[in-house]
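**Q** Here is how the chains run, residue by residue.
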Amino acid sequence: MTVESFDPATATPASGVSRREIIKSVIASGAVVSAGSILGLSGCSPGETPAAATSAGGVERLISLNVNGKVRRVDVMPQETLANTLRYKLGLTGTKLGCDRGECGACTLLIDDVPVYSCSTLTHNVRGRNVVTIEGLQAADGTLHPVQQAFVEELSPQCGFCTPGQIMSSVALLKSNPSPTRDEVRQALSGNLCRCGAYDHYLNGVMRAAGRV
Amino acid sequence: MAYDLVGKDFTPPDIVAKVTGKAKYSEDFRVEGMVFCRLLTSPMPHAKINSIDASEALAMPGVIGILTADDLPPVQAPNKPILTNEPHYVGEPILALAAENETLAQDAIEKIKIDFEPLPYTVDPLQSLYPGGPNARSDGNVAGRGSGGAYVKETKWSARDFASAGEGQLPMGPPQDEWQYGDMEAGFADAAYIMDETFVTQGLSHHALEPRSALSYWQNGKCFVHASCQSQSFPVPFLAGFIGIEAANLVFVAEFCGGGFGAKGTAYTEMAIPAHLSKKVGRPVMMRISRAEEFFVGSARPGFQGRIKMGFRKDGRMLAADLYIVQENGPDVGMNDYVSAADAVSLVYTPENMRFRGIPVQTNTPPRVPQRGPGQNQIACAIEPLLDKAAKELGISRLDIRTVNAPNNGTIYGPRKGKVTSAYLSEAYAKGAKEFNWDERVKQSGQRNGSKVIGVGLGAAYHEAGYSGFDGLCVLTPEGKLNIHTGVGNLGTYSHTATSRVAAETLKMAWENCEVVRGDSRKHLPWNLAQFGSNTSFTMTRTNYVAAMDAIAKLKEIAATDLGGAADDYDIGGERVFAKADASKFLTYAQAAQRAVELGGKFSGAEAPDNLNPMTKAATAGVAGSGLVGVAKDTLAKEGSAPAFATGFMQVEVDLETGKYEITDYIGVADCGTVLHPMGLAQQIKGGGVHGIGLAGYERHVYDPQNGLPACVGLNQSKLPTILDVPSTMGAFAVDVADPMNPVGARGIGEPVQGCAAAALLSAISDALGGHYFNRVPIMPDMIVNAVNGRTQSHTPLQVNTY
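Read top to bottom, the protein sequences are chains A and B. So the first sequence is numbered by my numbering: it starts at 24 and just counts up by one. So the second sequence is numbered by my numbering: it starts at -10 and just counts up by one.
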């Protein structure tokens, strides 16, 4: 019943599957929940629900997203956040929601190589941009990205919930600054909370990865 | 002792999933036909619900159903209900509503009309104890777990009790609990220095980064729950109880947990909401919990308003301690932190004479549950700075006053005169002092650099760290693999694997031939204690050891049966069981496992020992026939409680103009017996250090006493330490002396590594200020600025919920 067998990477127009077939396949696999299904759970009081969301509301529009190097066609509501599109419509649950209000950084991903909080980014605003999530880092042959590998070697994660965000911030840093100082890494990760307090091990991981990217 | 696996680093089997995003936490599961629920929570700190009108909501297309307290069996007060018609705190769940999508569910919630009748409330225990003060509950203001189970009652102190306390000192009316040993009067009479100090420690949230979202559905008479839980086997009977089913009919998946820190130690009531709702509406229900909701239902650590009188000999030895704690206990049964705090004082400082009195008082704030070092870490924050003050008054070093009072292997502590399995706190102080270069560092105390001044500090903390009596299960397969089944859980410490490796070590298996089986109750998991209370390292090395020893006994019996002689004639090694006299007479483990399948009975798991827990018996039946089954209950000797101790050493630079400080260095030292997993231990010491910095310097509940509303819901308000609030590098060390009551010498450590860092920060800040003691946590920058300028603080000495 769960969708562990569903591989979103294959369900793209590029693979020659029609949109109708994609929709059928994802419905069958349960990967997609009904349109407009997810609130922006902002943590604010219920009264602050965006007006556009009323009556399961807003009008969905079919758009193309470039996610992890693949074009994905997806119906998106005007007020929908990128985190929710990825998690609930594209089956990419590696992007975590810790706060859904721009405080914790667990939902960090890359848009044109810049780290952003996907809980605070509207999906409609990333049309035509390159979105890279944690699922997009591993090579096709399974080889881990140098940051992922270094995080394994340094035992960087504890509970692991903030880890995808820590990794995406680290990858962004090393793209712009391949040889950062330890303090530069601290600054780069300062938007990513870790309640387990694994900061020292994350820093060690990024410093280890720095020589390898 | 030399080990092949124990004490060595390893790559945890679950870590690659964490770095690739493949790890599935509870909100990452999808089920066909899944609907969403939203909670309607209380807007008031205490109210009675006269009526609920959900007709308009239920008439909305796409709304599927509603669950209220009336749908659930009543809960015996003062235990925490799943849903309630008398909410006791803002944010308490009143009802859950399911709809085709979450937006619709929220919209429907807005249409529900509830007639609330406001009731008296309080966010300050002393206010409730005052004559005529408000009670947080209709049935009383003092609740907890006593020897006779949960109780609730009303206790008021007299105006005389309050008046006689003295200005700014804690009044001490009739307590709920008390104990005493020794001769208090004689202890104080012999003292060279006596202090009598009132202190406040804050209530604060756990704020695990993963909110407690849960997915539940029913299939073939079984209830499936995907939940965020620190533990795997232990919660099952409790959650089954909340749902109202037999434990055997619950499928519980908790392979990954995004942090718990005590608040997800075992089953909690919110886990049962989607299960009940799913049963009612006949659809799978996903309950996503928002960050704000997690603040409310995610529980909290109780704060203390306390007072301690301590008498010291000239050399710093603590002759007498008289402790009183008023605990803010939240709305329901709460937690016995105040009792644990007293035990900690008795053990960490071994006062020759001691009295404890305490009372838990209900408040209309989030429920109080264990949080990392429940009781022990609050009291470390209160007492450790006072030790510094006593050392200063007595003219001795802050290190010496701790060492002279430290417990050892012969220490007897607490009201029950308990023993410890072993204790090396003195060694942890000595190791920390050496690694930190304490003697040189203290010479920098008070050095100025512009507006900044250096302070150095140290601290210690304790938690009981290990239990016995749980079960171990492992299977040698005919393919020559060892499957180690563990029901312990995945708190994020990797101890599920660190402790499982003891089974491999005992059986002398190559680690690459072993698999840790865990994370889903369908995987035939044994009855193990929850992953809380720093206990895993001690408790589950024992269970895995006895399971492996059972497997070894069976290997030898099978060898004797097939190859002749007696079982004692055989030994194991190289994944073979062989004759001691002639190593060419052997069976490989794979061959022996195949023979176990053929022999059946106890060898294959078809029969299991009677003393196993029913869950382990069922697990054994589940693996029966798949190989040679090692299964046993831990009946190994255990005399005394297994303690975990940690010491922390910290250096800070306090800016006297702004009250901000930078932590320039921190090291922690663990006394946790044999080190099982060096990198895992380092993670705990450093991560606990970060958590401790939050406890002492940042985090707190802020509740408005006029309206009972919180002002600290968000992460940035609460506020958790970021990477910029903690040192860039931290040091981790261990005493590494084996505990005699554990087969590999291990004890736990997870909790005191927070308390020692918190205490070290308080100690360092006070040192930088030349010996100003705040008697309060957290220390905020405005408090430092006030202290530096000799101004009165903006809070009164006993005030709680300060901003």
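Be aware that a few hints might be false.
[To be verified] Residues of chain B placed beyond 10 angstroms of chain A at every Cβ, according to the derived structure: (1) Ile443; (2) Leu704; (3) Gly760; (4) Val777.
[Claimed, not checked] With a cut-off of at most 25 angstroms between alpha-carbon atoms, the simulated BS3-like pairs for lysine-lysine come out as follows: (5) B:Lys13 / A:Lys93; (6) B:Lys408 / B:Lys497; (7) B:Lys269 / B:Lys102; (8) B:Lys569 / B:Lys408; (9) B:Lys591 / B:Lys574; (10) B:Lys441 / A:Lys198; (11) B:Lys649 / B:Lys497; (12) B:Lys432 / B:Lys408; (13) A:Lys93 / B:Lys11.
If you are wondering where the hints come from, they were derived from the structure by calculation, not from laboratory data. Yeah, the Cβ is synthetic: ideal placement off N, Cα and C, and Gly gets one too.
**Q** If a hint holds in the structure, say so; if it doesn't, say that too.
**A** Comparing the hints with the structure gives:
With a least beta-carbon separation of about 20 angstroms from chain A, B:Ile443 lies farther than 10 angstroms from that chain, consistent with its non-interface assignment. Residue placement check: B:Leu704 does not keep its beta carbon more than 10 angstroms from all beta carbons of chain A (closest about 4 angstroms). Taking the minimum C-beta to C-beta distance to chain A, about 29 angstroms, the non-interface status of B:Gly760 holds against the 10 angstroms cut. With a cut of 10 angstroms on Cβ distances, B:Val777 stays outside the contact zone with chain A, its closest approach being about 28 angstroms.
Distance check on the hinted pair: B:Lys13 and A:Lys93 sit about 23 angstroms apart at the alpha-carbon level, within 25 angstroms; holds. The hinted pair formed by B:Lys408 and B:Lys497 fails the criterion: a straight-line CA distance of about 33 angstroms is larger than 25 angstroms. As the CA atoms of B:Lys269 and B:Lys102 are separated by approximately 21 angstroms, the hinted pair is consistent with the 25 angstroms bound. Among the hinted pairs, B:Lys569 with B:Lys408 is inconsistent with the structure: their alpha-carbon atoms are about 40 angstroms apart, more than 25 angstroms.
About 24 angstroms separates the Cα atoms of B:Lys591 and B:Lys574, which keeps this hinted pair within 25 angstroms; it holds. Using a Cα cut-off of 25 angstroms, the hinted pair B:Lys441 and A:Lys198 is violated, with the two alpha carbons roughly 36 angstroms apart. For the hint pairing B:Lys649 with B:Lys497, the CA-to-CA distance comes to about 54 angstroms; that exceeds 25 angstroms, so the pair is violated. The hinted pair formed by B:Lys432 and B:Lys408 fails the criterion: a straight-line CA distance of about 38 angstroms is larger than 25 angstroms.
Taking the CA atoms of A:Lys93 and B:Lys11, the gap is near 19 angstroms; set against the 25 angstroms cutoff, the hint holds.
In summary, the numbered hints that this structure violates are 2, 6, 8, 10, 11 and 12.
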